[in-house]
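Enquirer: Starting from the known structure of chain A, arrange chain B on it as the hints suggest.
Single-letter residue listing:
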Amino acid sequence: MNGTVFMTFPITATSHTLAEYRARGGYAALEHALREMTPAQVGERVKASGLQGRGGAGFQTGLKWEFVAKDAPVVYLCCNIDEGEPGTFKDRWILEHSPHQLIEGMLLAAFALRVRHAFAYIRGEFDLPLRRLQGALDEARAAGLVGENILGSGCSCNIVVHRGAGAYVCGEESSLLNSLEGKRGFPRNKPPFPAVRGLYQKPTVVNNVETLAAVPWIMRHGAKAYAAMGVSKAPGTRLFGVSGHVAKPGLFERPTGYPLSRLIHEDAGGILGGRKLKAVIPGGSSTPILAAADVEGVTLDPASMAKAGSMVGSGAVIVIAEGTCMVRLLQVLTRFYAHESCGQCTPCREGTDWMDRILARIVAGKGTTADLATLQRLPTSIMGNTVCALGDAASMPVASFIKKFGDEFEHYVQHGRSLHEGRLAP
Amino acid sequence: MSTVFAPALLAKFDALRRQYPPEMKTSLVLPLLHCVQDANGYVTEADAAAIADYIGMPPIQVVEALTWYTMFDREPQGRYVIKVCRNIACSLRGSEQVLDHLQQKLGIGVGETTPDGKFTLKTVECLASCGTAPAMQVNRTYHEQLDAAKLDRILESLA
Numbered sequence: 001m002n003g004t005v006f007m008t009f010p011i012t013a014t015s016h017t018l019a020e021y022r023a024r025g026g027y028a029a030l031e032h033a034l035r036e037m038t039p040a041q042v043g044e045r046v047k048a049s050g051l052q053g054r055g056g057a058g059f060q061t062g063l064k065w066e067f068v069a070k071d072a073p074v075v076y077l078c079c080n081i082d083e084g085e086p087g088t089f090k091d092r093w094i095l096e097h098s099p100h101q102l103i104e105g106m107l108l109a110a111f112a113l114r115v116r117h118a119f120a121y122i123r124g125e126f127d128l129p130l131r132r133l134q135g136a137l138d139e140a141r142a143a144g145l146v147g148e149n150i151l152g153s154g155c156s157c158n159i160v161v162h163r164g165a166g167a168y169v170c171g172e173e174s175s176l177l178n179s180l181e182g183k184r185g186f187p188r189n190k191p192p193f194p195a196v197r198g199l200y201q202k203p204t205v206v207n208n209v210e211t212l213a214a215v216p217w218i219m220r221h222g223a224k225a226y227a228a229m230g231v232s233k234a235p236g237t238r239l240f241g242v243s244g245h246v247a248k249p250g251l252f253e254r255p256t257g258y259p260l261s262r263l264i265h266e267d268a269g270g271i272l273g274g275r276k277l278k279a280v281i282p283g284g285s286s287t288p289i290l291a292a293a294d295v296e297g298v299t300l301d302p303a304s305m306a307k308a309g310s311m312v313g314s315g316a317v318i319v320i321a322e323g324t325c326m327v328r329l330l331q332v333l334t335r336f337y338a339h340e341s342c343g344q345c346t347p348c349r350e351g352t353d354w355m356d357r358i359l360a361r362i363v364a365g366k367g368t369t370a371d372l373a374t375l376q377r378l379p380t381s382i383m384g385n386t387v388c389a390l391g392d393a394a395s396m397p398v399a400s401f402i403k404k405f406g407d408e409f410e411h412y413v414q415h416g417r418s419l420h421e422g423r424l425a426p
Numbered sequence: 001m002s003t004v005f006a007p008a009l010l011a012k013f014d015a016l017r018r019q020y021p022p023e024m025k026t027s028l029v030l031p032l033l034h035c036v037q038d039a040n041g042y043v044t045e046a047d048a049a050a051i052a053d054y055i056g057m058p059p060i061q062v063v064e065a066l067t068w069y070t071m072f073d074r075e076p077q078g079r080y081v082i083k084v085c086r087n088i089a090c091s092l093r094g095s096e097q098v099l100d101h102l103q104q105k106l107g108i109g110v111g112e113t114t115p116d117g118k119f120t121l122k123t124v125e126c127l128a129s130c131g132t133a134p135a136m137q138v139n140r141t142y143h144e145q146l147d148a149a150k151l152d153r154i155l156e157s158l159a
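So the sequence lines, in the order shown, correspond to chains A and B. Per this note's numbering, the first sequence runs over residues 1 to 426. Per this note's numbering, the second sequence runs over residues 1 to 159.
In short, the hints are calculated from the structure, not lab data. All residues carry an ideal CB built from backbone N, CA and C; glycine is no exception. A hint or two may mislead.
Taking lysine-lysine pairs in the DSSO-like style, the calculated list, with each CA pair at most 30 Å apart, reads [as the list claims (entries may be wrong)]:
hint: 1; chain 1: B; residue 1: LYS122; chain 2: A; residue 2: LYS366
hint: 2; chain 1: B; residue 1: LYS118; chain 2: B; residue 2: LYS150
hint: 3; chain 1: B; residue 1: LYS25; chain 2: A; residue 2: LYS70
hint: 4; chain 1: A; residue 1: LYS202; chain 2: B; residue 2: LYS122
hint: 5; chain 1: A; residue 1: LYS202; chain 2: B; residue 2: LYS25
hint: 6; chain 1: A; residue 1: LYS248; chain 2: B; residue 2: LYS150
hint: 7; chain 1: A; residue 1: LYS248; chain 2: A; residue 2: LYS307
hint: 8; chain 1: A; residue 1: LYS276; chain 2: A; residue 2: LYS404
hint: 9; chain 1: A; residue 1: LYS183; chain 2: B; residue 2: LYS122
hint: 10; chain 1: B; residue 1: LYS25; chain 2: A; residue 2: LYS183
hint: 11; chain 1: B; residue 1: LYS12; chain 2: A; residue 2: LYS190
hint: 12; chain 1: A; residue 1: LYS276; chain 2: B; residue 2: LYS150
hint: 13; chain 1: B; residue 1: LYS122; chain 2: A; residue 2: LYS248
hint: 14; chain 1: A; residue 1: LYS183; chain 2: B; residue 2: LYS12
To spell it out: a stretch of chain B is covered by chain A in this simulated footprint if at least three of its residues, at any positions, have a beta carbon under 8 Å from a beta carbon of chain A; those stretches are [what the hints assert, rightly or not]:
hint: 15; segment: 14–23
hint: 16; segment: 28–38
hint: 17; segment: 57–66
hint: 18; segment: 92–101
hint: 19; segment: 127–138
Only chain A is shown next, with the shape it has when bound in the complex (with noise of 0.2 Å):
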């Protein structure tokens, strides 16, 4: 285990305990902030550590949190283990072999933001990365490190586990909370953001798994360890997944600004049956495509992303080799955002529809030139106009493998057939 922060000892079948969690030094950060430091100070270094959010949007940690007014009455905490980004397999990991890691990281978060009341809220098919954080959960609360009381500190937290039951779109924060207080997971107009209105209209802080497990790790070696990691603007490390077409697909972690390229042919093995790139989804299914061209000399972090027309995203890269059909892999897409789409806007409800539709009839070898045409269009119509980023989400791989890999689009719907016969799998 080369990581720094999360993959850092051997896993066996017992190395998610409690026990020996504590033998890697664990608590000692909640521990020593409960009786030497306020809680002010807890979210300072934080801040100072510049860590961003893993869920996706990479918004800065430190300063959600700085959000919460300091005087709330009641603040809610959420921890979003609704993993569902297709590509992404990280906070599992975290989940089924370092769950301690997770929880010390949300009584920390708790401590700084003087919550009582923490949620973790897991995606409802999740089998064993549920029943490892239940069985941490019950550990803590015997050892008194959750509950009333912890460590005898006056600090009382509880975390309550809290199943979703099959929607994407529960992974929005504000869904989150909707789906939370037993609604529909509709996401919410914002302003005002949950750190100001959030669950029960209580001002609500709302992490990704990874980035609260990474919070002991700062507390521990300070602030200015975890900034000096990867790149200044984007520091620290993250779990990167690779999937697809590589021959050992697996999670890396590695410092943010590590080439994409060396993560694919070293990390993950090259190509699947020694093939060809031909393209690379860089962070997780609602990035933009990158083109095997494009993917020379970018490395894993915000700004090289940007310029190469992308976004690092939930750190999911998924591979795709050469002799690939575009077209049906889009298909895929279109037909997952349609399925998701909550139905709350009309550009999103209806519009990921239209593109999963005119994906299926090209698919079926009965597609038009203004098939094609309707299909670019689309995409602009719902980016910016929905409530929620699923739209754009939805619209970022159809924009971009059309603008791609074009020709494959252009060949199917003048031939009524794939370039690469329809192949997926290889």
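Expert: Relative to the frame of chain A, chain B by itself:
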């Protein structure tokens, strides 16, 4: 017809209610729907109304949640519900072949149940198993890095 829940199930409801601060009573909607589905295999509208009654909220709000979230089933399912991921990473690693193999083996299409009531076959969106694709879930259990031989072994192991 309104549902009357068994005492054992109501005890589980009470235990869940104790976890949440009292001012958050409507947060119980998803936990209680999960609880009924885990016990009965599916949730009816009458169940939803009874849950609303237990929480003390309008039934329509519970029915809304029941029908909006994809994990809740409103009719009986097979003893083993097989959910094959059809999203991007799994597609790139052979989820279409996985689905073909299962359809052939079980003799049913997606959304159908075998006549003996043993298997229901479904497709689902990303299960966060992209690094171990292709993947599927059988009831709660994840099965990953699937191929035809592994699928056969899994099916044989299900009594």
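Enquirer: Next pair to validate is LYS25(B) with LYS70(A); report whether the Cα-Cα distance is within 30 Å.
Expert: Holds: LYS25(B) and LYS70(A) sit about 26 Å apart, inside 30 Å.
Enquirer: Run the distance test for LYS122(B) versus LYS248(A): straight-line Cα separation, threshold 30 Å.
Expert: holds (28 Å)
Enquirer: Is it true that the CA of LYS202(A) sits at most 30 Å from the CA of LYS122(B)?
Expert: violated (39 Å)
Enquirer: Do three or more residues from the segment 14–23 of chain B put their C-beta atoms closer than 8 Å to C-beta atoms of chain A?
Expert: holds (count 4)
Enquirer: Keeping to a limit of 30 Å between CA atoms, is the pair of LYS25(B) and LYS183(A) held or broken?
Expert: Roughly 12 Å separates the two Cα atoms, so the pair holds.
Enquirer: Can the restraint linking LYS276(A) and LYS150(B) be considered satisfied, given a maximum Cα separation of 30 Å?
Expert: holds (29 Å)
Enquirer: Taking 30 Å as the top limit, are the C-alpha atoms of LYS118(B) and LYS150(B) close enough?
Expert: Holds, at about 19 Å.
Enquirer: Are the Cα positions of LYS248(A) and LYS307(A) separated by 30 Å at most?
Expert: holds (28 Å)
Enquirer: State whether the coverage of the segment 57–66 of chain B by chain A holds or is violated, taking the criterion as 3 or more residues with Cβ-Cβ distances under 8 Å.
Expert: holds (count 5)
Enquirer: Would the pair LYS183(A) and LYS122(B) pass a check requiring their Cα atoms to be no farther apart than 30 Å?
Expert: holds (25 Å)
Enquirer: Is the Cα-Cα distance between LYS248(A) and LYS150(B) 30 Å or less?
Expert: holds (19 Å)
Enquirer: Assess, step by step, whether the Cα of LYS202(A) is no farther than 30 Å from the Cα of LYS25(B), and give holds or violated.
Expert: holds (15 Å)
Comparing the model with each earlier hint shows violations of hints 4 and 11; every other hint is respected.
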